[in-house]
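Just so you know, the protein sequences line up as chains A and B, in that order.
Just so it is clear: in the first sequence, position 14 is 14 by our numbering, and no numbers are missing.
Just so it is clear: in the second sequence, position 4 is 4 by our numbering, and no numbers are missing.
Hints are computed from structural coordinates only; laboratory data are not their basis.
The reader is advised that the hints may include incorrect statements.
[As the list claims (entries may be wrong)] Only pairs whose alpha carbons sit at most 25 Å apart, straight line, appear in this in silico DSS-like list of lysine-lysine:
1. B/Lys-145 with A/Lys-337
2. B/Lys-65 with B/Lys-150
3. A/Lys-30 with B/Lys-69
4. B/Lys-145 with A/Lys-30
5. B/Lys-150 with A/Lys-280
6. A/Lys-337 with B/Lys-25
7. A/Lys-343 with B/Lys-145
8. B/Lys-62 with A/Lys-280
9. A/Lys-202 with B/Lys-15
10. B/Lys-65 with A/Lys-343
11. A/Lys-45 with B/Lys-283
12. B/Lys-115 with A/Lys-45
13. A/Lys-30 with B/Lys-15
14. B/Lys-283 with A/Lys-205
15. B/Lys-62 with A/Lys-30
16. B/Lys-283 with A/Lys-280
17. A/Lys-280 with B/Lys-25
18. A/Lys-47 with B/Lys-62
19. A/Lys-30 with B/Lys-73
20. B/Lys-65 with A/Lys-30
21. A/Lys-47 with A/Lys-220
22. B/Lys-138 with A/Lys-201
23. A/Lys-47 with B/Lys-145
24. B/Lys-15 with A/Lys-337
This one's a predicted model, so the numbers in the text were calculated from it and none came from an experiment.
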Amino acid sequence: MIKIKHEQLPALIDFLSEKYQVYAPVQYGKETAFKKISSASEINKSKYNTSLNPKEIFFPQSEVMFTYDKEGIKTPLPKDKPIAVWGLKTCDTKSIRILDEVFSNAYQMPEKEMYKDPYWIARYKNCLLFSSACNEPLSTCFCNWFDSGPFDKTGSDVYVIDTGNEYIMEGISDSGKAFLENYKAVEQVTPEDQTKIDELKKKAKSYMQPPVELAGLKDKLQDIWDDPIWDEVSAKCINCGACAYICPTCHCFDVSDEGKEDKGKRVRLWDCCMFQLFTKEASGHNPRELSRNRVRQRVMHKYNYFVENYHEFLCTGCGRCVQVCPVNLDIRRVIQKILDYDKAK
Amino acid sequence: MKELQNKVKQLLNDKEIDLVIGWSKGSLPLVSTPVFITEAEQSDQLIFDHTCRNNLATYLTKDRKRLGKEYNKIGIVVKGCDARSIVLYVTENQVKRDKVVIIGVPCQGIFESRKIIDATGGREVLEQKIDGDQVILKGRGFEIKVSRDKVLRDCCLSCRYPDAPEYDYFIGEHRGEIDVKDEFKLVDDFEKKSSAERWQFITEEYSKCIRCYACRNVCPSCYCNYCFVDNNDPQWVGKTPEVTDNIIFHLIRNLHLAGRCVDCGACVSACPVNIDLRPLNKKVEKEMKERFGYTAGLDINEKPAMASHRENEKQDFIMG
């Protein structure tokens, strides 16, 4: 482990910028979001996670898949420098790694069956993720439900702890270790620093509510798929897409053709299972016409279907959906309700 | 609060209603959550305070089934703006007056979370309490007192009708019509800007839109079975969240709300990216008032603005 002083961050960002396009949390209107930066002065140093999610760095809300004209088809894959992201929280880092399983298919499938998404890979390849320990989790945070916590290092390339005046950094992956070895302007960590880290860790942990045991959740969901409980769960949902669009792991998309016969483009856009249109078929039939079925789909995808396919939840407990839901349909309460539910009664 | 709970308990026990839509305590200190109650003993969950931001009328049209059933008679707890939405529904033949039991509550204004965040300097509020005309906000390592007017929504600060204009029962004291002097100050200021400044405001604000449609879906007046943005054959609006298409979505929604917006602020509170939606909403409201003498949702016997004509209406926009 090594450390740099807060004042040395601009130099670190400049050094990173030589080889990488650097993304970091910035003020974006009244919100905070991950945007490309050219200097450290643009960084928003809020202790909390950003209001908008980091998935848009690698999986933008709209992506041109190809353009066409009379000359033919062009596929404009991004060919910039690799991406480095500063200021991710542990939940954010984990969500990017989960999405990589979807788009690059790290999940163990036979090679020829793997789908490798060229657009995701073009941005994700050789990326360097600086993952920060979370000193002050919000009351909406529930990362500790998912075998994680505010000081989880999993998924980091470089793990960063902000002690108030210094950043302590630890290389976790090979690329993270290599980066720190190349970065000379650093000091070694002292035993006092270790004490500081332990204190911060203890404090962050004390801010969080005790985790809810999710071991039985997947099977429970399987069991209640056709249960009237979904009418109750979904009653207040107004079926907007705020939760899904603010979520760092939701990744459903739509493909839309924009243009005319002789010139145009095909665009990939975020879509959301809360919308009626999401499953509406050309015949006019809609298998998820009812709100209850759409709400069920979102819960099932995150805590059952995805677990079945990828052996982990499609949720990192970042709490963004809890913050933005216009009707306070708190996913934590939904999960708790399902776990407490006794079908027989 | 107790009075409201008892009233609802009685209405459910007497079978005067078979469902009540109200607010209950939310999972976060600054927000409440809509609740649907069918059993008298659940009435204790009902609350009414500064956190009741949702316009509950919206649930009367969005999906007529709640909890998997249709109801014969629905009770609904309302602020002034929610009641005006119900009046609008009756005038637009969306809800039959005798199918709803309207329970008015005296509204003192609703919190604007964004203003509270600003008041605490971005720190998280874990507890709030009203103390006279002050609000006490507590979080980790801080406790501050702010004047209530500083953290109420803009629409509440310029609200003329805090009481339900139409109700079956009213719980608590009426506040009466409030003599707001500068109801349209926001619009007046906006109109004074140059066209370049106005355009800059519109492009800046609407470029942030992520097209989650939370504004449309919480809006009581947006109840089209099929919204124009969802139409894909032909596709009227591009699905890409580019500023031009975002503006088309918001402007058409604005115009579609002419004479129908009650300025309940639900869209403003719902927006996850805090777009300043109100100037254009209020502009259309002002036009309707000045040109047609029409304010939405006040008179249950009035014909909707877009379905009526008065001889003395200004027609200069047609005649030039």
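Next pair to validate is B/Lys-62 with A/Lys-280; report whether the Cα-Cα distance is within 25 Å.
18 Å, holds
Is A/Lys-30 within 25 Å of B/Lys-69, Cα to Cα?
41 Å, violated
Please work out if A/Lys-30 and B/Lys-73 have their alpha carbons no farther apart than 25 Å.
Measuring from Cα to Cα gives roughly 42 Å; hence the hint is violated.
Against the 25 Å threshold, does the CA-CA distance of B/Lys-65 and A/Lys-30 hold or violate the hint?
Violated - the C-alpha atoms of A/Lys-30 and B/Lys-65 are around 37 Å apart, more than 25 Å.
If you draw a straight line from the CA of B/Lys-115 to the CA of A/Lys-45, is it 25 Å or shorter?
20 Å, holds
Given the proposed pairing of A/Lys-45 with B/Lys-283, does the C-alpha separation stay at or below 25 Å?
37 Å, violated
Tell me if the straight-line CA distance from A/Lys-47 to A/Lys-220 falls inside 25 Å.
36 Å, violated
So if I understand the rule, the pair passes when the alpha-carbon distance is 25 Å or less; does B/Lys-145 with A/Lys-337 pass?
36 Å, violated
Does the structure keep A/Lys-337 and B/Lys-25 at a Cα separation of 25 Å or less?
Given that 25 Å is the threshold and the Cα spacing comes to 16 Å, the pair holds.
With a cut-off of 25 Å on the C-alpha distance, tell me whether B/Lys-150 and A/Lys-280 pass.
45 Å, violated
Taking 25 Å as the top limit, are the C-alpha atoms of A/Lys-280 and B/Lys-25 close enough?
Violated, because 35 Å separates the two Cα atoms, which is more than 25 Å.
Would the hint linking B/Lys-145 and A/Lys-30 be met if the CA-CA limit is 25 Å?
Status holds; Cα separation ~23 Å.
Checked against the numbered hints above, the structure violates hints 1, 2, 3, 5, 7, 9, 11, 13, 14, 15, 16, 17, 18, 19, 20, 21 and 24; every other hint is satisfied.
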